[in-house]
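Engineer: These protein sequence lines map, in sequence, to chains A, B, C and D. Numbered according to numbering that gives the first Met the number 0, the first sequence spans residues 0 to 357. Numbered according to numbering that gives the first Met the number 0, the second sequence spans residues 0 to 357. Numbered according to numbering that gives the first Met the number 0, the third sequence spans residues 0 to 357. Numbered according to numbering that gives the first Met the number 0, the fourth sequence spans residues 0 to 357.
Some clues are possibly wrong.
One copy or any two copies: either way a pair holds, since identical chains are not told apart in the list.
[Unchecked claim] DSS-like mimics (lysine-lysine), calculated; alpha carbons at most 25 Å apart, straight line: (1) Lys53 <-> Lys315; (2) Lys48 <-> Lys257; (3) Lys324 <-> Lys142; (4) Lys315 <-> Lys273.
These are calculated hints, taken from the structure and not from any lab test.
4 protein chains.
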Amino acid sequence: MAGNTFGKKFRVTTFGESHGRAVGVIVDGCPPGLELSEEDIQRELDRRKPGQSKITTQRKEEDKVVILSGVFEGKTLGTPIAMVVYNRDIDSSPYYELRNKPRPGHADLTYFLKYNHYDFRGGGRASGRETLARVAAGAIAKKLLEKINVEILAHTIEIHGIRARELSIVEIRKNAEKSLVRCADLETAKKMEEEIIKAKKEGDSVGGVIELIALNVPPGLGEPVFDKLDADIGKAMLSIGAVKGVEIGLGFGFARKKGSEVKDELYLSEGKIKTYSNNAGGILGGISNGMPIVVRVAVKPTPSIAKPQRTVDLKKKEEVTIEIKGRHDPCIVPRVLVVCEAMLALVLVDHALRSGVL
Amino acid sequence: MAGNTFGKKFRVTTFGESHGRAVGVIVDGCPPGLELSEEDIQRELDRRKPGQSKITTQRKEEDKVVILSGVFEGKTLGTPIAMVVYNRDIDSSPYYELRNKPRPGHADLTYFLKYNHYDFRGGGRASGRETLARVAAGAIAKKLLEKINVEILAHTIEIHGIRARELSIVEIRKNAEKSLVRCADLETAKKMEEEIIKAKKEGDSVGGVIELIALNVPPGLGEPVFDKLDADIGKAMLSIGAVKGVEIGLGFGFARKKGSEVKDELYLSEGKIKTYSNNAGGILGGISNGMPIVVRVAVKPTPSIAKPQRTVDLKKKEEVTIEIKGRHDPCIVPRVLVVCEAMLALVLVDHALRSGVL
Amino acid sequence: MAGNTFGKKFRVTTFGESHGRAVGVIVDGCPPGLELSEEDIQRELDRRKPGQSKITTQRKEEDKVVILSGVFEGKTLGTPIAMVVYNRDIDSSPYYELRNKPRPGHADLTYFLKYNHYDFRGGGRASGRETLARVAAGAIAKKLLEKINVEILAHTIEIHGIRARELSIVEIRKNAEKSLVRCADLETAKKMEEEIIKAKKEGDSVGGVIELIALNVPPGLGEPVFDKLDADIGKAMLSIGAVKGVEIGLGFGFARKKGSEVKDELYLSEGKIKTYSNNAGGILGGISNGMPIVVRVAVKPTPSIAKPQRTVDLKKKEEVTIEIKGRHDPCIVPRVLVVCEAMLALVLVDHALRSGVL
Amino acid sequence: MAGNTFGKKFRVTTFGESHGRAVGVIVDGCPPGLELSEEDIQRELDRRKPGQSKITTQRKEEDKVVILSGVFEGKTLGTPIAMVVYNRDIDSSPYYELRNKPRPGHADLTYFLKYNHYDFRGGGRASGRETLARVAAGAIAKKLLEKINVEILAHTIEIHGIRARELSIVEIRKNAEKSLVRCADLETAKKMEEEIIKAKKEGDSVGGVIELIALNVPPGLGEPVFDKLDADIGKAMLSIGAVKGVEIGLGFGFARKKGSEVKDELYLSEGKIKTYSNNAGGILGGISNGMPIVVRVAVKPTPSIAKPQRTVDLKKKEEVTIEIKGRHDPCIVPRVLVVCEAMLALVLVDHALRSGVL
């Protein structure tokens, strides 16, 4: 039973292999009457694209989105919105050498074990290119969320052990997009960049941690007991290939605290109920409480490194050593961040629609 | 759109409020012909129940399960299995004082904000009692998983900052259930117990970290790109009220590593493909690779502490201070562990059925 | 992948075997704040129960519903509503003779072929008793629909070829429940009753046609292109064991008409758009248009007849002849009608919730 | 909550408006390793296309399918298969006159009432062109069904009251595609054609009845109690715009029969259980029994007739008269037949996958 659809009311189905004809997405469940253009989508796609700076891969990808359906006279119809990015000029030849020789840390092995027949070129379906489709769908989600003033912020808070200092919402909003690593602590951002360049020179890669904050989320989003807001956020984040951990609010920090230290007591502020602290990260019992939603995700270093790696030839059934050629990202954290934002937007818009808030 | 169902092929729907008539579950999608008795379920329920030791609440709960349907002549029919635990002799009176005065850190506030009318007695639907139903369903899942030799281990690895040492599978299997905290490092377990008793005396509570390991999981489980095995595990864990973080394999540790350090190279062992290390935690590209699946979850300290707490009277719209009476768990980690096990079993059985392995 | 859940927002999951411990249902997705009592449910169950008249079976069934969850202080909580009817004093002994000897026209054979292990007593899961659960859920659906003034009428229009004359809405509303066959043409109803008594004396059974009319359905219900309102109604009706055909509006009559004869032209009436005729049965393009929704279903004669029937012994693999004992309905049409009503209510309430009308 | 997806394991999501950029479909859940080419799809699309004979519309539509994903080296990957038919050279101008003036019998009115903003050109999303996408998905379903020898036959049995005589499977298989109306009784087919040509001359249209037969369907397909095979077939058929009635086996004929006349007794034939008659149409208790599955659907005459029709101007709120120009089908029955076949294939393949037969 295939799993290429995300969401229950705002349903997103992605398709496409990295070196196939196209990557795309159908969004079913977008309300009618929303103003939407290809530019709205393209803007978000451009934030994700590689080849933008010295710290990312130098591959150029012209990722131009086309809307095939669901929009008429500049507004959504309430019918499925199909969006496609055609793949062009992709050189698949380096991958033919790696055929049947799964790259360690990649999905090559598991796709072979599961499907037997799989598209090994550029990661096929498991490629990061698939996240293009998520970002395209997320762009629509963000436009809907704007209508209820929900704002999503994302910033890099750690790269290979180098941590940003604690920052205010104002700083994050102002500075995150200013640095190549999307770290709003601009001083630390420089160090992170240096660390990435160092890894790049070594043919290595580094991981990090991203923090996401959603502001003005209306209280009441989330559907206990299984489709809790944090449960769906967790699923959304861990559905991104490079993400290996997720925490809400204080997260793993709770393991070192007493109940009395983290209790988020309540008070009234202009008739609204607020909490003095926000250890819960804006979610209680799986339902948003009106405080900022705070999520952190761990991103692994990309396994596409320039060093020889031991693997197994699946057909010959023998151990071999491979080298992965091509230009790869030494650090995908700042690009994954855009995908995390999109996924958070998809969860929030789905739950806003499920709750009748949108 | 309500969210009380979990799973796609092995569908679990729970119902019941803490102080209502009953808590229960329907399992739809269990294959026919599985031997199943109430004892099979009861055994798991008994592991979760409170009042078992000095470190848990002294409330006695007689949680006797009754199977209402789906089993005939000792075997499952392939029809829905309804299981009920009737609630008895519950004293709801202490909760009437707290009516309209949400306990900080609890779901009282958000249930009010979402549903307006809610059952405030004992946490109502948001109570930990709901997890009874999950454990009952998990017991069936485990029986099915036994048929394909999947074994799930769970142990407490941290309580309030006290960490167990690294343990072998053999030690975990042998010792985890021997200590009250379900920590297989029996020496550290003693310290954890002391820490919990100390918190109890102070009217406080402590959190911790649980590690889950699933052995012999067949390769190929997980449905990219959204219903990845790790994504569904993440959702399952975060759908448990007290869980605020989840990581797979090295998890947040990836943020401090280089690609070359965590690469999980492949080799052949008796014709099977294995990895030298298992930083990926048994899952690549969202699909199991045959190595042990490793998951860690962060459990928050229960917010039911015996200290006065500031809150807001929802009807009078004024700030008040409450005290939560009754006997509460100073540390729910060892009980939550049983629920985590059940949820992991539910994810694995659902994906085993989705993949046709079961 | 099991199929015991109906609906997407108002989700109904039934459970229970005819001679097991209980039959019941969980309704997930009922909005909070609806006044609901066991009497509300019981009233509808009583309309379905057998042993009420000379034309139905003389079996007495005490079908008392118990609400286990989801209702507090007389109002729904927005959490799952679990309802159970316990089975009592059922004599299963006659069915042991029929074990492994499937009754022609019954599901015995197919349950054996699909599940191998099945509950043959009283039809097991395939028994008409399962529809109790649907009627219970339908009772809640009807209460919700009342809030938007939707009224569902149902009447028998044909029994074994004897057809009622065309009737006005007023007549149907006034008279349908007055006759034992639930035919609002009281004169014809008498003839139908005689026909049923005649069949009963012969140890035979007869079928018929039921018409359902839903009034005041708001325009806009139905979700093209697959979850069209008529598509979901069709599924709902054909999910009832005895129903073998369904038509909307003119239905099969369209096959004998020209486009110009059935065109449902539009006009304005007090600012509202109406159609001169209603051949479409209130649904266009799968969406309600505000006109009455008209559905007709064909009900087969029950296959439990008192005559010897040829079948096959599944274990001995030989042809045998069986006789079905016990007291069976010579005509289930008036009881199936209550189930059809419930199913129509479930479809309408699900779509009203999906559209945001409720 | 949008409804553009059909099926649970073989999930089909269609998109596209009649005069938009494209119409297409994503198939998620097709197993890997199936040989599949664009020719396989095109063959079925060509059977549906208009402009093929004197009895259909003279519009030429070049409907060339492109597969965008999910197929690699001629075989399916198990990933989503995206297929697109680009719309070209469509003259939308006649529709601008009809803007805000819903055509009677069409979905114009209900799309306006539901979505407010809708694409009125050529029926927009409600156009018959959407069924292209279903036929494309159905072509894949048929290829999968071939692997288990399931054969689907479809033939027209009635046009405007003219009925074909009873035919054998052999005749239907041999002759149905030989006549323009797809009626296997070639003599009656001639009369049907004349009737259609007569209607065309009058600027009118006629409806009819299609019969579908699925042979060699393995026993055990169908998931009680709601996802019964007949329930899902009913939904599939009624999700086609022009279909207004559906019956299984004897269908509405049951209303005129006694139980003793329609009892489908069992016997053994070469170790297999068969029934002497097949009034049940191959389905008992919602599960296939191995006998041929027999379905009949009623198709309404297309409402696009060349006569003046009364409607309402939605903006000006006044009654007006319109004339629908352009070349329309006087009888869509033979084209709808291809769509019915596709939908039946989709239901069968979905259930075959759900049951583990495929």
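Engineer: Cα distance capped at 25 Å. Does lysine 324 pair with lysine 142 within a copy, between copies, both, or neither?
Structural biologist: neither (39 Å within a copy, 39 Å between copies)
Engineer: Classify it for me, lysine 53 with lysine 315: is the Cα-Cα distance of at most 25 Å met within a copy, between copies, both or neither?
Structural biologist: Classified as neither; 39 Å inside a copy, 59 Å across copies.
Engineer: Could you place lysine 315 and lysine 273 in one of the four classes (within, between, both, neither) given a Cα distance threshold of 25 Å?
Structural biologist: between (63 Å within a copy, 16 Å between copies)
Engineer: Please sort lysine 48 with lysine 257 into within, between, both or neither, judging by C-alpha distance up to 25 Å.
Structural biologist: Result: close only across copies, 23 Å inter versus 44 Å intra.
The structure shown violates the earlier hints numbered 1 and 3.
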